[in-house]
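Engineer: Chain H is fixed; fit chain B onto it per the hints.
Order-wise, the sequence lines are chains H and B. At position 118 of the first sequence (counting the first as 1) the number is 118 in UniProt numbering, and the numbers step up by one without a gap. At position 29 of the second sequence (counting the first as 1) the number is 29 in UniProt numbering, and the numbers step up by one without a gap.
It is worth saying that the hints were derived from the structure and are not from the lab. Where a beta carbon is used, it is the ideal one built from N, C-alpha and C, also for glycine. Among these hints, one or two may not hold up.
What the simulated footprint calls covered on chain B by chain H, stretch by stretch (three residues with Cβ under 8 Å from a Cβ of chain H suffice, anywhere in the stretch; the number is not a length) [to be verified]:
no., stretch
1, 18-27
2, 30-37
3, 152-158
4, 183-195
Okay, the calculated bits of chain H under chain B, using three or more residues with CB under 8 Å as the criterion [said to hold, decoys possible]:
no., stretch
5, 145-157
6, 203-214
7, 220-231
8, 234-240
9, 249-256
Protein chains: 2
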Amino acid sequence: MNGVTPDSLRSRVLPVALDAMGGDNAPDEIVAGAVQAVRERGVPVVLVGQPRALHQALLAHDAVSEIPVVRAEEALAMDEGALASLRRPRSSIAIACHLVRRGDAAAVVSAGSTAGVVATGRLRLRGQQGVMRPAITVPLPTRPHPTVLLDAGANADTKPEMLVQFAHLGVAYAETALGLARPRVGLLTIGAEPEKGSKLVKRAHELLSGTSGIDFTGNIEGDDLLTGKVDVIVTDGFTGNVTLKALEGSVRYAFGQLRETINESRLAKVGGLLQRAKLRELAARLDPEAHGGAVLLGLNGTVVIAHGSSRAKGIAAACELAAHLAAQGIVSRIGERIASANKSHRRR
Amino acid sequence: MNGVTPDSLRSRVLPVALDAMGGDNAPDEIVAGAVQAVRERGVPVVLVGQPRALHQALLAHDAVSEIPVVRAEEALAMDEGALASLRRPRSSIAIACHLVRRGDAAAVVSAGSTAGVVATGRLRLRGQQGVMRPAITVPLPTRPHPTVLLDAGANADTKPEMLVQFAHLGVAYAETALGLARPRVGLLTIGAEPEKGSKLVKRAHELLSGTSGIDFTGNIEGDDLLTGKVDVIVTDGFTGNVTLKALEGSVRYAFGQLRETINESRLAKVGGLLQRAKLRELAARLDPEAHGGAVLLGLNGTVVIAHGSSRAKGIAAACELAAHLAAQGIVSRIGERIASANKSHRRR
Chain H
1 MNGVTPDSLR SRVLPVALDA MGGDNAPDEI VAGAVQAVRE RGVPVVLVGQ PRALHQALLA
61 HDAVSEIPVV RAEEALAMDE GALASLRRPR SSIAIACHLV RRGDAAAVVS AGSTAGVVAT
121 GRLRLRGQQG VMRPAITVPL PTRPHPTVLL DAGANADTKP EMLVQFAHLG VAYAETALGL
181 ARPRVGLLTI GAEPEKGSKL VKRAHELLSG TSGIDFTGNI EGDDLLTGKV DVIVTDGFTG
241 NVTLKALEGS VRYAFGQLRE TINESRLAKV GGLLQRAKLR ELAARLDPEA HGGAVLLGLN
301 GTVVIAHGSS RAKGIAAACE LAAHLAAQGI VSRIGERIAS ANKSHRRR
Chain B
1 MNGVTPDSLR SRVLPVALDA MGGDNAPDEI VAGAVQAVRE RGVPVVLVGQ PRALHQALLA
61 HDAVSEIPVV RAEEALAMDE GALASLRRPR SSIAIACHLV RRGDAAAVVS AGSTAGVVAT
121 GRLRLRGQQG VMRPAITVPL PTRPHPTVLL DAGANADTKP EMLVQFAHLG VAYAETALGL
181 ARPRVGLLTI GAEPEKGSKL VKRAHELLSG TSGIDFTGNI EGDDLLTGKV DVIVTDGFTG
241 NVTLKALEGS VRYAFGQLRE TINESRLAKV GGLLQRAKLR ELAARLDPEA HGGAVLLGLN
301 GTVVIAHGSS RAKGIAAACE LAAHLAAQGI VSRIGERIAS ANKSHRRR
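Next up, chain H with everything else stripped away, as it sits in the complex (with noise of 0.2 Å):
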């Protein structure tokens, strides 16, 4: 975390309100986590679940009384859908989704499906002020830093303006997340040309070329999402989703068919023993998990999503993300600039 929190002031730092049940790995892995955060990451944390489970894992830990557990006794299933948090008020999410609303904890975390959390966020969170929809923010593993891209998954079906305004949320993340002084944004299209796209697109680069306090530098494509040639990607959620499982399952591919080719011979066997270990940092470093999970902005409270299959590790990197971007009043600066992007476009 950034910037320097006296001891004075440290007591009062909300903590993270962790779902405890959300995750294939839920609750062990996610109490394993939380204990990771507390004592590793010195990150406040409230796990939200089922109490007796959560009893007996942090026993485990003998962390009883170091981490305070919030009673839900209900769950989201991974396979529940968005409708699922209209069916159930009390789940772990939704509780977890109340506690930063009355302002008992600075921001969410949870590993429950997608879908579930999202909707959950929006129905308990709500939307901040001017905002017309949130966006699911995921890292990409470019260097040296990761770059963002945005609609990830929230909005299958977006107008123009909330690209715009993606661009808005991409770029606060960017600032408060990665340390970026002037994030240089760019509209995911199918040429590089201005005219080239959907009429959505179209539409966007137009809009997007007349806002100020964005460093628009116009259309990519899909073969620059790793190339670090701009730091946060705007595209609709269809479109970002779609892309983001393709990247996550031609990089699966592309190892999966080195493994193979390298197996097919004994001497290439040999090699690749030699490789190892450089292979392990390199899996690390593609590792979803190490860099803390995907956040829902533009809610009034940060929710990071961290992936379904997450271990102690992620849970306690997601934990550390969601507290550096509550630190940093990254909601705050949303409201900023939308407000600001919001006035300058009525005087228009």
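Structural biologist: Below, chain B alone, put in the same frame as chain H:
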């Protein structure tokens, strides 16, 4: 090529009209590709382009008498888009299309800019009766056979009914080019359940579920593109193009990272040297040129769009693919499918 062509008929096989002026390596590599197609693959070719340049290039292969040349003094530059096709009615790609139109060639091959080839093809060959829009069809490098993705970029804005037609085009291609008996069709979207996705794909899902002659297996997601789960993947041209480029970019990224990782340590470098031969094999399999290129389907004639950077081998493969599709009557197969679909649609 499948099927047996008796010698008595061989002389009547129409040649492939090859745009000799399109592509980064035109005309030399294009002419070299024509020579390979004729001599090594038994595919008759007619070159379309600037006669003097082509004569020179053919002389170098001692192939002046083997490969006829049709004059076209103009050419579309690689950076010219759709509008140039209107401005240049006598470009090499326009003349190549004209040869097909008047029955003097079986199909067109060009390594020119995709936008220029698509626009010229639409203008000169016109859409097949009943086909709303032509679509760019590309093979993805799955095994044991490629997976067909369409539309890869001809239509940035698409209606649900067009996606259903793309399914018909893709099935005709998979039957013809890959010899598949009952290709499985998937719809690219952002969740496995039928209700997931944009308005466009949700409606397309409904339509495809009730379409006879299509083995529709439901939604697929971005990470299924390279798993071979389906044989034909249907999507709009915007998503298809972005996704395809994302795939190319990320495979390049993964191998780049790997190379970097290998080079970082001396020990791993030794391993890398041992693997070099195996990696070359893998690279060859992933090489898009090996598959002959993208195909523009739905016009009154088949147009194969070879990669802009194609060398002789890629051009020869593209000519063979074009000849094969034409010999198998893909245009009339598509015509029958669309006619039957439109008929059953009117009956309802």
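Engineer: Would you say the stretch 203-214 of chain H counts as covered by chain B, given the rule of at least 3 residues with C-beta under 8 Å?
Structural biologist: violated (count 0)
Engineer: Are 3 or more residues of the stretch 152-158 of chain B near chain H, judged by a Cβ distance of less than 8 Å?
Structural biologist: holds (count 3)
Engineer: Would you check chain B against the stretch 145-157 of chain H, counting CB to CB pairs closer than 8 Å, and say if three or more residues qualify?
Structural biologist: Per the Cβ count (3), the hint holds.
Engineer: Tell me if chain B covers the stretch 220-231 of chain H under the three-residue, 8 Å CB rule, please?
Structural biologist: Coverage by chain B holds here, the residue count being 7 at a Cβ distance below 8 Å.
Engineer: So is the stretch 249-256 of chain H in contact with chain B by the C-beta rule, three or more residues under 8 Å, or is the coverage claim wrong?
Structural biologist: Satisfied; 7 residues make the cut.
Engineer: If you look at each residue in the stretch 30-37 of chain B, do at least three have a Cβ nearer than 8 Å to any Cβ of chain H?
Structural biologist: Three-residue rule not met by the stretch 30-37 of chain B, so violated; n is 0.
Engineer: With a Cβ-Cβ cutoff of 8 Å, does the stretch 234-240 of chain H contain at least three residues near chain B?
Structural biologist: Result for this restraint: holds, n = 4.
Engineer: For the stretch 183-195 of chain B, count the residues whose Cβ lies under 8 Å from any Cβ of chain H; is that count three or more?
Structural biologist: Holds: 5 residues of the stretch 183-195 of chain B have a Cβ under 8 Å from chain H.
Engineer: Are there three or more residues in the stretch 18-27 of chain B whose C-beta lies closer than 8 Å to some C-beta of chain H?
Structural biologist: n = 0 at 8 Å, threshold three: violated.
Hints 1, 2 and 6, counting from the list given before, are not met by this structure.
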